[in-house]
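**Q** Residue numbers (my numbering), protein chains in the order written: chain V, 2 to 339; chain B, 165 to 458; chain Z, 3 to 520.
One or more of the hints may lead you astray.
[Stated by the list, open to error] Distance condition first, Cα-Cα at most 16 angstroms in a straight line; then the derived EDC-like pairs of lysine to aspartate or glutamate:
1. Z:201 - V:182
2. V:235 - V:126
3. Z:38 - Z:205
4. Z:382 - Z:304
5. Z:93 - Z:140
6. Z:176 - Z:116
7. Z:241 - V:202
8. Z:38 - V:298
9. Z:283 - Z:362
10. Z:38 - Z:204
11. Z:122 - Z:134
12. Z:269 - Z:501
13. V:96 - V:80
14. Z:358 - Z:285
15. Z:288 - Z:448
16. V:54 - Z:405
17. Z:241 - V:164
18. Z:382 - B:221
19. Z:201 - V:93
20. Z:358 - Z:386
21. Z:264 - Z:501
I should point out that these hints are in silico values taken from the structure, not numbers from a laboratory.
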Amino acid sequence: MKNILRYVIVRAALTLPMLFILLSVVFVVIRVMPGDPVSSMLGGHAPESVIEKKKEELGLNRPMIFQYVDYLWQICRLDLGESMILKQRVIDAIKLKIPATIELTFFGMLVTVLVGVSLGAYAADKRRSPQDYAIRIYGIVIYCIPVFWLGLMFQMIFGIWLDWMPIAGRTGARVFASTFEKTGFYVIDTILIRDFAALKDVLIHLVLPSVTLGLMLSGVFVRLTRANMLDVLKSDYILAAEARGIRHRRVVYKHAIMNAFVPILTMMGLQVALLMAGAVLTESTFSWPGMGRLLLERIYMRDYPTIQGVIVFFALIVALVSLVVDIVYALVDPRVRY
Amino acid sequence: MKHSPSRKMAVLFARFAVMGKKYGVEWWILVVGAAIITGVVLMAVFSTAIAPFDPYDQNAGPQLSPPSRTHLMGTDNLQRDVFSRIVYGSRTILGVAVLAAILSSVVGITFGLISGFAGGFFDKILSLVMDSIYSFPGLILAIAFAAMLEPGILSITVAVAVIYIPTYFRLVRGQTLQIKEELYVEAARAIGASGRRILWQYIFPNVIATTVVVFTMNVGDAIMIEAALTYLGLGLPPSIVDWGMDLSMGRRFLPSGVWWLITFPGAMISILAIGFTMLGEGLAEILNPRLLEK
Amino acid sequence: MKKRWGIMALVIAAVMTASGACLAGGGPLVYGTTEKVIDMDPANAYDFHTWEIFYNIYQGLMGYPPGKTNLVPHLAESYTVSADGKTYTFKLRQGLTFSDGTPFDAHAVKWSIDRVMNLKGDPSWLVTDFVERVDVVDSATVNFVLQNPVAYFPSLVATVPYYPVNPNVYPADKIVRDPSELKGGKIVGLGPYEVASFKRDEEIILKPNPDYFGPAPKNEMVVIRYFADATTMRLALEKGELDFAFKSFNPSDIKDLEQSSKVKTIKGQGPYIRYICFQCKIEPFKDWELRQAVAASVDRKEIIRKVFLGQNAPLYSMVPMGMFAHTDNFKTVYGDGNLDFARRVLKAKGYSEDNKLKFEFWYTPSHYGDTEVDMAAVLKQQFERTGLIDVTVKSAEWATYRDNWANQLMPAFLLGWYPDYIDPDNYTSAFAGTAGSAGLGIHFSDPKWDAKFVEEQTVTDLDQRREIFETIQKWWAMDVPTCPIFQGTLYLFTQNNIEGVMISPTLQFNYRTIQRVQ
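Please work from the sequences and hints to get the whole structure.
**A** This is how it looks when you write it as C-alpha cells:
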C-alpha cells in the first residue's frame, strides 16, 4: 500500500513541471508569436498609436516576465481571464459549454469502445483470415477519412436523403433547452424532469455526432485491441481455459477481453487528446454548442483572451487525464513503481 | 521479342508477386499506397496539363452543374470547374504536408540526436518540453498557431509542422540513447573519434531507417491536419485552391441536391491520406517485422 | 420480460402523444435566424436583428403600426412643433409603468437620451447629430431641442436609440451586453413582449408583457432559435421544426423554398442595399479618380447572377429604387463592367501591367450571410479584368470589422444598409456627411456636400428637396465615396398555417400579430 501511495504522490508532483511547461508553451504561442495578436486582431496594418493603446488596455505593455508571472498566478487561482469582446469571464463561458462536449465525447467514446473492441477482438480471434485483413484495412481507412467529411456524408445520407435524423444542434427547434436545463447534461436533465419526449429528442440529436466521432477513433482501438488480444490469447491461462473445455467463444469474449481491458482503459485515457481534437471538428460540423465550437467562434472573433483561456483549459485537462491514467495503470500493474 | 513492353510488364508483375508471396498482404498494402501517392503526385506536378480549365476561371461552365463529359466533377456556384480545382488543389495539400513533414523531421531529428547524445540537464528539460507538446491534442495546437499567424502557405506549414517535432525527437533520442551504449560506439570513442563524427557516422545511419516510416505516416497525418485547418477556415486565404476549403464552401448547396461539391474534395483527402498511411504501414511491417509481429 | 417491455412502450407512447398534443393549435411560435445578438442595449445596438428584438420588447415615442407606412405617436400621445422648427414637444401617455414599478415619465425619456449621448455608441449619431438637448417640462411632457430644424425628425424618434429605458435597471455609464448585467438580471421594457430567458447564440424566449398598453399578442410565446448556418435553418424549416425563419438564407435555399409548396414566401419590400466603401483618407483611394476606376469595373449583373442566382436588383445610386428622388447616376456615367473607362483612368495615372494598382479588399464572412466570400471573389475577378489591378481579398468577423473601419485599416470594403428611417437622407448623409462618413470608416469630407445635406434636412418643400438629392447623386457618381452594387429583397418563409406576418417599410417586424391558424 505504501508503495502505491508513494507512486501517486511522486507522479502527481511530476505533473507540475509538465503542466508548467505546457502552460509556458501556450503563453509563448499566444503572446510571443510573430504576428503580434493585437495587431492581427486589429486587422494587420493598424497605426502604431492604435496598437499601443490597445496593448495598454490589455496590460500587454509591461515587461514579458511580469506578464508571464501574472499569467501563471492567475491560472493557479483558476482565473482564466476575461473575454475582451463579450465581457464574460472565460471560466464562465467554459462552464456553459463544457457539458455539451462531455456528453458528446462520452457517447462518442462509447461508440469507439463498442465498435473498436468488438472488431479488434474478432480480428484477433480470426487471425490472418480475410476477416482479419478486412478489419485491419477498416482500421486504416476509417482513420484517414476526415471526421468532418464523414459527418457531412452522414448528414447528407441520414439527414437529408433518408430524413431519419436531425443534422445539427443538441435539441430540435421546438424543444427549448431553457425549460429543462439544469446540469447542462441534457440526457440527465430531461430524465430528471421526466420529459421523455425531450429525452427522445436529445438522444436522437446525439446519434449522428457521437457515431461520427466514435467511428473516427475506432480505427485506433481496433488495432490496439487486436494487438493486446493477440498477446493475451497466446498466454498460458487462456490455454488452460481451453484445455478445461470452456467454449472457445466464451474464452475469447469473456476471459481474453477482460484481461485485455486494462490496457484498453489506459488507452482510452491516452486517446483523450485525439478525442478532444475530433470533438472540435465534430462540433463544427454538427453545430454542437460545446467547447470546440467556443474555441472556433472566439478565434473567428479574434477574442484572444478567451482563446488563450480555452487552450489553457485543454492543457489542464490533458495533464489531469494523463495523471489519472498513470495512477490507474499503477494500481493495476504491480510492476510500475517509483 | 525478348524485351517487348508487354514482356517487361509481365516480368515486373512477376517480381511483385514474388515479393507479395514473401511478405504477404503487407506488400500489397505498400504497393497500393505507393500507387495512390504516385498518382496524386503526378496530378500535382502535371496540373497544367491535366486540368482542362483554369481553377480560378469563373466562366468555365454553367453554374452548379452536375458531373458531365466536359466537367468530370461538375461546376460550382461561381461557374468554376471542380475537376480542375481538385487537380490544382493537390499541389496545395501535398506541398504543405510534405514541407511540414520535412520541417518537423529536420528539427525533431536534430534535437533528438543532440539531446540523446549530450544527455544531462539539457536533455531532461528538452524531453519534458517535447513530452508536454506530444501529449497535447495536435489539432488544437495547430489551430492555435494557425489562428495567431496571418493566413498563408508558410503559416499553415509551420502550424502543422510543430505538432510532429516531438514524435521525431522521441524516436531519435530513444535510438540515440540505445546506440550510444553499443560496443562499436565505445570502440570508436576509444580510438578517439570526436562526438560529431560518432553522431554522423554511427548513430545517424541507424536512426534513418525508422524515421523513414515515421516520415511517411507523418505526411499522412499532416494531410489530415491541413484539411481540417482549411475546412475550419484557418491557415489559408480563400484565394488559394484547396480541397478542405472547397469542402466547407460547397456544404451550403447540399440541401439543393448538389452533392458533387463535397463528395470529390472529401474523397480525395481520404484517398491521399489512405495512400500515405498504407505506404507507412506496409514499410513498417516489411522493414521491422519484429515490431509488429502479429 | 416481453410483457414488461410492451407496457413500458405503451406508457412512453402515451406520454409522448400527450406532450405532442400540447404543441398543436396554440403553443409557442418558433422563429429561426442565423443572426447574432451583440449588445442588448439600445444605446449601442446597431444591427438589424437586435433592433428587431427591441421593436418587440421596447417602444418609442413614435412608431409604425404593424405593416403600415404611416408614422403614429406611440408612447407619446401627441406632439407639437415650435414655429422655428427646432423644438418638438411630446405629450407622453400617462399611467404606464415598467414591470418593476418604475413609472414611465419625462424623466425616464430624458435620462435615456442623455445616456445615449454620453455613451457615444454606434447609433448615437442618430441622436447627437440632430438633438441638442432634452428638457423635462413636467412628468408627462418633454421637449426635444434640435440643433437645426429637421423635416423628418419624427421618424428619427421612431428609431431604437430614442427608446426610453428604465433608469433603475440600466447603468448610466456603460453599455450592457447581456441582460444578466442589468440590475435584477432581466430586461424590463414597455413593449408587447418581455424576455423570459436569454441564452446567447442559442435561444431567446419572449413572453407577452402583461404591462403592455397596446393590444395583446396573438401568440402565447415566441422563441427565437439561433442557427450557426443557413443550411441547417433551411432544413429545420422544411421539416416543420420552425414556424417561420428570416435572415439569412442562401440564394440556393431561397430558390428552392420559393418553389416549395410546403412553405409560404413573404418578401420584405423595404430598401436594403449593398455597396463598396472606400477609405477616402488613405492611399490609394485618397484619389477620387482611382475610386472612379474601381467603380467603373464593377459588373453588377454578373454579381447578381453568379452569387445571388438573380434574386436581387442592380442599384445605380445610393438612394434606393422606389424611394423619393432616386436617379440612376452610376448607370449613366459608368454602366456595368466598363473596363475601357477603368483602364483609361489607370493608365493615365501611371499604372501598367508591371505596375498594378494594389489594394486590399475586405468583406465580413457571416454578418450579411454566407454569400460574402463569393461576392468578394467575383468582385476581385472583375477588378482584375482590367489587367491593371491586383487585389488581395481579406476578411474579418463583424466585431473586428467594425473596429477595423474605426481604425481606418480597410482601403475598400463591402457594407450593407437597412433603413433607419424612410428618407433619402438616411442613405446619403450617413455615408458622405463629414460626421457620418467618419463613423463608417469612409472619412469622406467635402464642405460643399455638407452644406447640401444641411439644406435638404431643413428645407420642407418636396420639389426643392428632390432637386438637392438629384444634385447629391450626380456628385456621388463623380466623387464616389461609395459605389452601390445592388438592392436586395429580404425573404421570410413561414409554414403554411402561419398568418399575420407583416414587415414594415423600415423592415421592422412585429411578432405580436403572428399566429398559427388551424
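**Q** Next, verify each hint and record whether it holds.
**A** Status of each hint after checking the structure:
1. Simply put, residue 201 of chain Z and residue 182 of chain V have alpha-carbon atoms about 11 angstroms apart, close enough for the 16 angstroms limit, and the pair holds.
2. Note on residue 235 of chain V and residue 126 of chain V: the hinted pairing holds, with a Cα-Cα distance of about 11 angstroms set against a maximum of 16 angstroms.
3. Taking the CA atoms of residue 38 of chain Z and residue 205 of chain Z, the gap is about 10 angstroms. The hint holds against a cut of 16 angstroms.
4. Among the hinted pairs, residue 382 of chain Z with residue 304 of chain Z is consistent with the structure: their alpha-carbon atoms are about 12 angstroms apart, no more than 16 angstroms.
5. For the hint linking residue 93 of chain Z to residue 140 of chain Z, the alpha-carbon distance of about 10 angstroms falls within 16 angstroms, and the restraint holds.
6. Between residue 176 of chain Z and residue 116 of chain Z the alpha-carbon distance is near 13 angstroms, which keeps this suggested pair within the 16 angstroms criterion.
7. Annotation: proposed proximity of residue 241 of chain Z to residue 202 of chain V holds, straight-line Cα distance about 14 angstroms (limit 16 angstroms).
8. Taken as a hint, the residue 38 of chain Z and residue 298 of chain V pair is honoured in the structure, with Cα atoms around 12 angstroms apart against an allowance of 16 angstroms.
9. At most 16 angstroms may separate the alpha-carbon atoms for a hinted pair to count; residue 283 of chain Z and residue 362 of chain Z meet this at roughly 15 angstroms.
10. The suggested pairing of residue 38 of chain Z with residue 204 of chain Z holds, with an alpha-carbon distance near 9 angstroms, which does not exceed 16 angstroms.
11. Taking the CA atoms of residue 122 of chain Z and residue 134 of chain Z, the gap is about 14 angstroms. The hint holds against a cut of 16 angstroms.
12. Proposed proximity of residue 269 of chain Z and residue 501 of chain Z is supported: the alpha carbons are some 14 angstroms apart, at most 16 angstroms.
13. The suggested pairing of residue 96 of chain V with residue 80 of chain V holds, with an alpha-carbon distance near 13 angstroms, which does not exceed 16 angstroms.
14. A C-alpha spacing of about 14 angstroms is found between residue 358 of chain Z and residue 285 of chain Z, which places the hinted pair at or below 16 angstroms, so the restraint holds.
15. About 13 angstroms separates the Cα atoms of residue 288 of chain Z and residue 448 of chain Z, which keeps this hinted pair within 16 angstroms; it holds.
16. Straight-line distance between C-alpha atoms of residue 54 of chain V and residue 405 of chain Z comes to about 13 angstroms, which keeps the hinted pair within the 16 angstroms bound.
17. Between residue 241 of chain Z and residue 164 of chain V, the direct Cα distance comes to roughly 9 angstroms. Compliance with the 16 angstroms bound is thereby established for this hinted pair.
18. Proximity of residue 382 of chain Z to residue 221 of chain B is assessed by CA-CA distance (about 12 angstroms); at most 16 angstroms being required, the pair is judged to hold.
19. Straight-line distance between C-alpha atoms of residue 201 of chain Z and residue 93 of chain V comes to about 13 angstroms, which keeps the hinted pair within the 16 angstroms bound.
20. The suggested pairing of residue 358 of chain Z with residue 386 of chain Z holds, with an alpha-carbon distance near 10 angstroms, which does not exceed 16 angstroms.
21. Under the criterion of a C-alpha separation no larger than 16 angstroms, the hint pairing residue 264 of chain Z with residue 501 of chain Z is consistent with the structure, at around 14 angstroms.
Of the numbered hints stated above, none is contradicted by the structure.
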